[in-house]
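If you're matching them up, the sequences are chains A and B in order. Heads up: the first sequence begins at 1 in my numbering, then just goes up one per residue. Heads up: the second sequence begins at 501 in my numbering, then just goes up one per residue.
In case anyone wonders, no lab produced these hints; they're calculated from the structure. Model, not experiment: these values are computed from the prediction. Virtual Cβ for every residue (Gly too), placed ideally from N, Cα, C. Don't take every hint at face value.
As the list claims (entries may be wrong) - FRET-style restraints, in silico, Cβ to Cβ: (1) B:A623 to A:L269: 51 to 59 Å; (2) B:T648 to A:T200: 18 to 26 Å; (3) A:R274 to B:R554: 34 to 42 Å; (4) A:V299 to B:G565: 30 to 38 Å; (5) B:S617 to A:E309: 25 to 33 Å; (6) A:L269 to B:Y655: 45 to 53 Å; (7) B:A652 to A:S287: 53 to 61 Å; (8) B:D632 to A:L102: 53 to 61 Å.
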Amino acid sequence: MFLRPRLIDLKIIGFYTGKLILGIGFAMLLPLAISLFNREWGPVIDFVIGSSIAFSAGYLLSITCSNKKEMSWMHGILVVPVAWLAAMLFGAIPLYLSGHFLSFLDAMFDAMSGFTATGLTLIQDLDHLSYGHNFWRHLTMFIGGQGIVVVMLTLMTGGASGIYGMYVGEAREEKILPNLFQTTRFIVSVTLIYLGLGVTTLWLVGWQIGIPPLRSLFHAITIFVSGFNTGGFSPQSQSVIYYHSATYEFAMMPFMIAGAINFAVYYALFSGNRREIYKNAELLTMSAAICTTFAIAAVALSQIGIYNETFSVFRRGFYQQISALTSTGFTTVYSSQIPDLWGPLGLFGMMVAMGLGASIGSTAGGIKMHRLMIIFKAFSLEIKRMLLPPSSVIVEKYHHLKKNVITEKLLLNAFIIGFAYVASYIIAAIAGTFYGYSFIDSLFQSISAGANNGISSRIPLVDAPSALKIVYMIQMWAARLEFISIVALIGFIISSVRGK
Amino acid sequence: MRKATVLLIVIIISFLASPAYALVSSTELIEDSKKYDGKRISFQGEAIGDIMERGEYGWVNVHDGGDAIGVWAPVAELRKIKFAGDYNHIGDTVLVEGIFNQACSEHAGELDIHAESITVVVAGSQVEHPIDRRKAIAAAILLSMAITLLLANRYQKKHFTAAS
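Kindly produce the complete structure, drawing on both the sequences and the hints.
Pasting the structure below:
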């Protein structure tokens, strides 16, 4: 029997959602400042409108939902999906006002794609977009990649008691430090260190390849933010092809990989446990996955024979596999080249890499290496059970920060979430075929959206039916939050209607 | 006689302005890249972004409305381009003539055009962005509303704290 939520429950959810909307309003002040700096008066007005609407809605919710009750773990987990929808809605306003979207739905699609660090886009004429709007697209990836609710609410509430529910709701399973405020501060600190390193590197390389210094700085910031948060938006319409530079591509690659590594591993490294990098089972699984998917791509690219040199195969194949596996979604080839030229094996390699994703507790999407490793261990456990005498006590262990034992709870979690991802890929692929697209193109697109990857298939998304766009938006939202908080929200809605 | 002269002049002008090789779109180049690989082609579109000089040669990206293609050209040709498209500029519309590569061996597999010549067909220009008055008024109203609600929230907090 479900218990019907009380008004106070709605007030708590509304109150914290209001806080998040205020955070989105404050975040818009950054692109507003950039537009002011560049004397882009139209975009300045767009961001005044956007942030004013966000502030108004945020304060209105704060006033109407004001209450004295503490937020519980369950409230925390429910705030997350609602807050992400609110972020999409308010984040889309300045995008739509830019005039670069055909409809508000398209602007919401890009806002969802940005906050979930996916990278699919419906923007028109990106090459003539203002600096302010372009920066906002990338900032959404930074906010979403870091954990939109946790970061903002930890900073704005000083760590309320139910905030751990939000942390879990945003698909971060491990508390790196005992205190969540310290954990968030650690995540943001790691990001800021990489930000300094990444922006400086890309700025210098960009300058060296012929981009004027100020523009190179803008490219460096946007590409770093997008790459480290495994997002995939780029400031120009050609993605990374724009730079025509292997140096630039290889300069950004370490930051794409860095963003796809579990932040708990960074904590171990910063605490002096350097051996973690060689022993961590998830990192080892990720390395094996990179080697395997690149081997598939290398064989595929060698078979088709259009890339004559080994370096060409490496530059195209390795970069694309890293981009797919880390769920970044940058491309160094035109999107239709993958299905058209790379052949079935190349396409298969890309889909596998996109679908698997990288580490838990990172900014990456997809099923993730930790779960893949646990599923493999489960198979190994079963094989051992079959081969060894029934009286044997079999324990399967793995190293992740410490020695861990594979438990039924871990296994169940890995299978359920893994299954949810695969189901999401297949359901959205069926939706694509329903609208007349080929199954392979639909599957590629659905894996790209469902793994928060962002590499496009041959499906022209701008012209796709609205219903299909909404399917991809739901996929991006559910996948980024790893389904649990969405299920909790559905349960909450059902109990609101049918509960007693 | 006059009509014939005018016709002759028109024919000469159109011959001079027309591309020497088949004019191909970006969609054709990307989706049918095998067909055009290694062939001399003409490609026309707006120069966008940055002119990236690298020694004696450099890159410019040319967008024809479908997609943008990278053009590798001698610096002397690139310097004919005065405006590259961005928020504040409409880029020069250029006619690029050169060899198309599906996977260029000189540039580690890039899909590109090695330009022999670049001609500015239509000069680009600075773009004026007049302020939309309706938007400006809406912004002023919404900002006032946000400030009012901020003050209301402050008042409620004070009141709430005082009462508890």
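Fill in: Hints violated by the structure (listed by number, smallest first)
Checked against the structure, the hints that fail are numbers 2 and 8, while the rest are satisfied.
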